[in-house]
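Enquirer: The listed protein sequences derive, respectively, from chains V and B.
FYI, the numbering for the first sequence is 1 to 530, going by this note's numbering.
FYI, the numbering for the second sequence is 1 to 530, going by this note's numbering.
Note that these hints are calculated values from the structure, not bench results.
There could be a bad hint or two in this list.
If you want the ones that stay clear, here's a sample from chain B, every Cβ over 10 Å from chain V, calculated [unchecked claim]:
| # | residue |
| --- | --- |
| 1 | Trp114 |
| 2 | Gly263 |
| 3 | Pro407 |
| 4 | Leu423 |
| 5 | Asp445 |
Taking lysine to aspartate or glutamate and the EDC-like style, the derived pairs with C-alpha atoms no more than 20 Å apart in a straight line are [stated by the list, open to error]:
| # | chain 1 | residue 1 | chain 2 | residue 2 |
| --- | --- | --- | --- | --- |
| 6 | V | Lys241 | B | Glu288 |
| 7 | B | Lys241 | V | Asp475 |
| 8 | B | Lys241 | V | Glu46 |
| 9 | V | Lys5 | V | Glu46 |
| 10 | V | Lys241 | B | Asp475 |
| 11 | B | Lys241 | V | Glu329 |
Ideal Cβ positions, reconstructed from N, Cα and C, are used throughout, including at glycine.
Protein chains: 2
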Amino acid sequence: MRRRKYWGWGYEDEGLSSAEEARLGSLLATFFGVTPAPGSAPPPVEALGLPASRLPSPPPASFASSVSAYDRVLHAGGRSYRDLVRFRSGRVDHPPDLVAFPASVSELVACLEWVDRVGAAVIPFGGGTSVTGGVEPAVPARFSGTVSLDLSRLNRVLAVDPLAQLVHVEAGILGPDLDAALKPHGLSIRHYPQSYYFSTVGGWIATRSGGHYSTLLGKIDTRVCALEVVAPNGTVGATRKLPSSSIGPDPNALWIGSEGLLGVITKAWLRVHPLPRFKKTVGVQFQELGHALEAARRIVQAGLYPVHLRVLDPFEAMMSAAFTSGLFEEARPVLILGFESAAQEVDAMLEAALAQAAACGGKTASARGTKADEVEGWRHIFFRQPYVRDTLIGWGLIADTFETAIPWDRAEAFYHEVREATLEAVEEQCGAGAVLGRTTHAYPDGVAFYFTFFGRGRPGEQLEQWSAIKKAATDAVARGGGTASHHHACGRDHAPWSEQELPSIWKAALLGAKAALDPRGAMNPGVVFP
Amino acid sequence: MRRRKYWGWGYEDEGLSSAEEARLGSLLATFFGVTPAPGSAPPPVEALGLPASRLPSPPPASFASSVSAYDRVLHAGGRSYRDLVRFRSGRVDHPPDLVAFPASVSELVACLEWVDRVGAAVIPFGGGTSVTGGVEPAVPARFSGTVSLDLSRLNRVLAVDPLAQLVHVEAGILGPDLDAALKPHGLSIRHYPQSYYFSTVGGWIATRSGGHYSTLLGKIDTRVCALEVVAPNGTVGATRKLPSSSIGPDPNALWIGSEGLLGVITKAWLRVHPLPRFKKTVGVQFQELGHALEAARRIVQAGLYPVHLRVLDPFEAMMSAAFTSGLFEEARPVLILGFESAAQEVDAMLEAALAQAAACGGKTASARGTKADEVEGWRHIFFRQPYVRDTLIGWGLIADTFETAIPWDRAEAFYHEVREATLEAVEEQCGAGAVLGRTTHAYPDGVAFYFTFFGRGRPGEQLEQWSAIKKAATDAVARGGGTASHHHACGRDHAPWSEQELPSIWKAALLGAKAALDPRGAMNPGVVFP
Numbered sequence: 001m002r003r004r005k006y007w008g009w010g011y012e013d014e015g016l017s018s019a020e021e022a023r024l025g026s027l028l029a030t031f032f033g034v035t036p037a038p039g040s041a042p043p044p045v046e047a048l049g050l051p052a053s054r055l056p057s058p059p060p061a062s063f064a065s066s067v068s069a070y071d072r073v074l075h076a077g078g079r080s081y082r083d084l085v086r087f088r089s090g091r092v093d094h095p096p097d098l099v100a101f102p103a104s105v106s107e108l109v110a111c112l113e114w115v116d117r118v119g120a121a122v123i124p125f126g127g128g129t130s131v132t133g134g135v136e137p138a139v140p141a142r143f144s145g146t147v148s149l150d151l152s153r154l155n156r157v158l159a160v161d162p163l164a165q166l167v168h169v170e171a172g173i174l175g176p177d178l179d180a181a182l183k184p185h186g187l188s189i190r191h192y193p194q195s196y197y198f199s200t201v202g203g204w205i206a207t208r209s210g211g212h213y214s215t216l217l218g219k220i221d222t223r224v225c226a227l228e229v230v231a232p233n234g235t236v237g238a239t240r241k242l243p244s245s246s247i248g249p250d251p252n253a254l255w256i257g258s259e260g261l262l263g264v265i266t267k268a269w270l271r272v273h274p275l276p277r278f279k280k281t282v283g284v285q286f287q288e289l290g291h292a293l294e295a296a297r298r299i300v301q302a303g304l305y306p307v308h309l310r311v312l313d314p315f316e317a318m319m320s321a322a323f324t325s326g327l328f329e330e331a332r333p334v335l336i337l338g339f340e341s342a343a344q345e346v347d348a349m350l351e352a353a354l355a356q357a358a359a360c361g362g363k364t365a366s367a368r369g370t371k372a373d374e375v376e377g378w379r380h381i382f383f384r385q386p387y388v389r390d391t392l393i394g395w396g397l398i399a400d401t402f403e404t405a406i407p408w409d410r411a412e413a414f415y416h417e418v419r420e421a422t423l424e425a426v427e428e429q430c431g432a433g434a435v436l437g438r439t440t441h442a443y444p445d446g447v448a449f450y451f452t453f454f455g456r457g458r459p460g461e462q463l464e465q466w467s468a469i470k471k472a473a474t475d476a477v478a479r480g481g482g483t484a485s486h487h488h489a490c491g492r493d494h495a496p497w498s499e500q501e502l503p504s505i506w507k508a509a510l511l512g513a514k515a516a517l518d519p520r521g522a523m524n525p526g527v528v529f530p
Numbered sequence: 001m002r003r004r005k006y007w008g009w010g011y012e013d014e015g016l017s018s019a020e021e022a023r024l025g026s027l028l029a030t031f032f033g034v035t036p037a038p039g040s041a042p043p044p045v046e047a048l049g050l051p052a053s054r055l056p057s058p059p060p061a062s063f064a065s066s067v068s069a070y071d072r073v074l075h076a077g078g079r080s081y082r083d084l085v086r087f088r089s090g091r092v093d094h095p096p097d098l099v100a101f102p103a104s105v106s107e108l109v110a111c112l113e114w115v116d117r118v119g120a121a122v123i124p125f126g127g128g129t130s131v132t133g134g135v136e137p138a139v140p141a142r143f144s145g146t147v148s149l150d151l152s153r154l155n156r157v158l159a160v161d162p163l164a165q166l167v168h169v170e171a172g173i174l175g176p177d178l179d180a181a182l183k184p185h186g187l188s189i190r191h192y193p194q195s196y197y198f199s200t201v202g203g204w205i206a207t208r209s210g211g212h213y214s215t216l217l218g219k220i221d222t223r224v225c226a227l228e229v230v231a232p233n234g235t236v237g238a239t240r241k242l243p244s245s246s247i248g249p250d251p252n253a254l255w256i257g258s259e260g261l262l263g264v265i266t267k268a269w270l271r272v273h274p275l276p277r278f279k280k281t282v283g284v285q286f287q288e289l290g291h292a293l294e295a296a297r298r299i300v301q302a303g304l305y306p307v308h309l310r311v312l313d314p315f316e317a318m319m320s321a322a323f324t325s326g327l328f329e330e331a332r333p334v335l336i337l338g339f340e341s342a343a344q345e346v347d348a349m350l351e352a353a354l355a356q357a358a359a360c361g362g363k364t365a366s367a368r369g370t371k372a373d374e375v376e377g378w379r380h381i382f383f384r385q386p387y388v389r390d391t392l393i394g395w396g397l398i399a400d401t402f403e404t405a406i407p408w409d410r411a412e413a414f415y416h417e418v419r420e421a422t423l424e425a426v427e428e429q430c431g432a433g434a435v436l437g438r439t440t441h442a443y444p445d446g447v448a449f450y451f452t453f454f455g456r457g458r459p460g461e462q463l464e465q466w467s468a469i470k471k472a473a474t475d476a477v478a479r480g481g482g483t484a485s486h487h488h489a490c491g492r493d494h495a496p497w498s499e500q501e502l503p504s505i506w507k508a509a510l511l512g513a514k515a516a517l518d519p520r521g522a523m524n525p526g527v528v529f530p
């Protein structure tokens, strides 16, 4: 049976090809002036020397569970840089004492009841792709142990409603399985976070995830029509399937982004979309980033509805082209613009958008000969990036990403502030390195930025280097008025910044809600609230 | 100084013209076979014999307030049928003991502190246009009295940001004042609930209001970028101005629709829109309602973005035409379709939508000679309808509206179920009457229906008749899977149905949040939770 890597992205038999690794290596040699050498392989699970489970053994038969070393290590964290560096070096700080695999809501309720009886904490695992410490069983010492709740057996498609364009699924289903069930109906979720192949619907909802087509179609927040949730006390509740309502605050909104604090999302009715028949993607080159951002703003404010719209800064554009071509060339900011429709041609929309871009000084790819590779190459490597990061981590480098959002009035200044603060920290920590930026989502009132940073790691000190850079970057984001995360969630990693981002009145309200449902505070303690 | 009617809509010098009354009268004579006669005029405020205020006198000077009979009566309820029938007959069940008019957040905090000290309950009044009992000071006996919180002095525009298309306002501002401040910037709120002239931004947010252009632009939920709220304990908190975030559940969503339960909304950053330069509205006639609904569904699912889209059932279409022309003619279902844009022509969008409508059997107005009046006449009377209702109430008739929403898979069947149950109750209670229906908002996954019912009232028994009809209608909505309100909020009138509509787990969470902020439960007790 194919197993997921405990120390990296995807399955054990997956990763970059030798050719890709060679290209990446030569790219780094050119860029950083170093010839990276593969580090030592991660230790086998058996060599990790996990402490024994602290919970009563054997666990009850009322729900499926495992205490195998592999299962415990796989559920000991997510896929953040911090997680992977530790795992690769054989360091597993917080293995869960038990991994539960409920195959039904009643098994899940039985699990929660047992957890309550034995005084443990529960961490909903989703697909385990959190990059913000959202699934690491790092909980206060008052708990007798930790249970990681793996929902991968709750993965059925319960109903497809092509008329209302809704699908009813269990929350443990993965992105590709959902799309496979929708395809015969001519539908698709059209929600493509980078974690698409390994993340779950429940995880998307619990983290307010965004994806590749979220400029038109919105983050997962807008796709949720109804939810079933199980409270820590075992109460099951479902919201009504409605396009909208005004009976009190939106009941779904309390669980969307709740990161497990208020219980477990077990089912969802999601809004889905007809498969596009008409598609157009174009790249537009600009002399200056500010002009590209202005074009992006004008396009979304003109009501032109691009399904995706991204601005690559010159560094991102250069790396993107170099990864495809192997060559470094001075690059200009690029606006990538995609339209799609299941019902009608999109040419008029695209033309109107290109007119807006031209008015800001943009030259379309064909007019200026910008390589189509820059456009398609970027998309091609989107889903490969986590594997690239694995290789970089294996070579001992610092390599991570973070993302944020800001209103348009501050967009360009904010980009420079954050990039410069991050670059300064990278240079201080690593001697040399790079920070690349792009926008990932555009709204009429603002934009989401996504930054990637690289730097040389000092063997054994990478986590300290990374922490200093992460702190400098997130401090700059907070100072500039941005959010600590636009679509990666708060987790444990951003919790120190939630305090200044969110009003105390909101925290009091949310903790009041949690106290009512989870008097022991046993659901994923440590996320959101530091 | 111009004063608002305590017993009806708008200012004391406003109402239907004699010509409008005459036309309405002849229309009713034709329709109901009765010649309505004006009832007695509402008693003057001085004759109402209000009980003395139960709260300490004089109130503190730290915030402006009033105990005048007029102010107490004006704040004794909203503008529901139930409210107005009672007021007109001189029955004022729950006058507040004090009306507070804070002119600043610090005055508001002083008011909340005083209320806490004297053990009273607080009812945020907004513009007082609630049609669901949301502002009636009907509270449990454990409170020493009631304070109605009028925010009309917190009505400043604090900032307009044309770049990010955002406006920062105090929550007591009325719709027209907001638009007047936006107009010099080429912007508009484009949110037109029927209460637009008399309702406040804070009220819109607290009730999840919808408006005339909400099909494209969304209900007020989607317009809220950031909020300032004051908790019952006097804590002031503001969310950050962000296009989106994933740091915990959306903090705005807890207050959007909270109907005063969690504190007072004092400021908002709202997303606004450029004034449209290109506009087209067309009416399309169908042989059958089901075909019109199918056209509506196809259009919104095709991603064609009409700014408004309404389907009038044959009864609504007939009454609408008759009100304008004075003539009854057999009418067919009508689809009203409007497109607008500030940036580009909308003809291509409109044509694509009309092609969808034609594929469902629709004939456009020009092609079939449908009177343009049917289209424009409907919009013309939109803002007049509350005055029409006043006249009907004055004539002793039963005349009210209710609205709901449902997914597309149930839309047509649900319409018939709800309409028939309501008509049956109207006929049982009134002998004769009518129920008209239209859709007001369309979504890819569902649609909002709005029903109007009329019937003969028995003098002095109208409230009992109305209650029986309201119960039959709302029971049918609940049985059919709809929501008790799509955009009028829960208030006190729909609270009996919230129990079955919302899961208990959500109620527990919301009451937990409330307990944390409002341990005395003094904020608008009685709304949402029966």
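Enquirer: Hint by hint, say whether it matches the structure.
Expert: Hint by hint, here is what the structure shows:
| no. | hint | in the structure |
| --- | --- | --- |
| 1 | Trp114 | holds, 20 Å |
| 2 | Gly263 | violated, 7 Å |
| 3 | Pro407 | violated, 4 Å |
| 4 | Leu423 | holds, 24 Å |
| 5 | Asp445 | violated, 5 Å |
| 6 | V:Lys241 / B:Glu288 | violated, 26 Å |
| 7 | B:Lys241 / V:Asp475 | holds, 17 Å |
| 8 | B:Lys241 / V:Glu46 | violated, 49 Å |
| 9 | V:Lys5 / V:Glu46 | holds, 14 Å |
| 10 | V:Lys241 / B:Asp475 | holds, 17 Å |
| 11 | B:Lys241 / V:Glu329 | violated, 38 Å |
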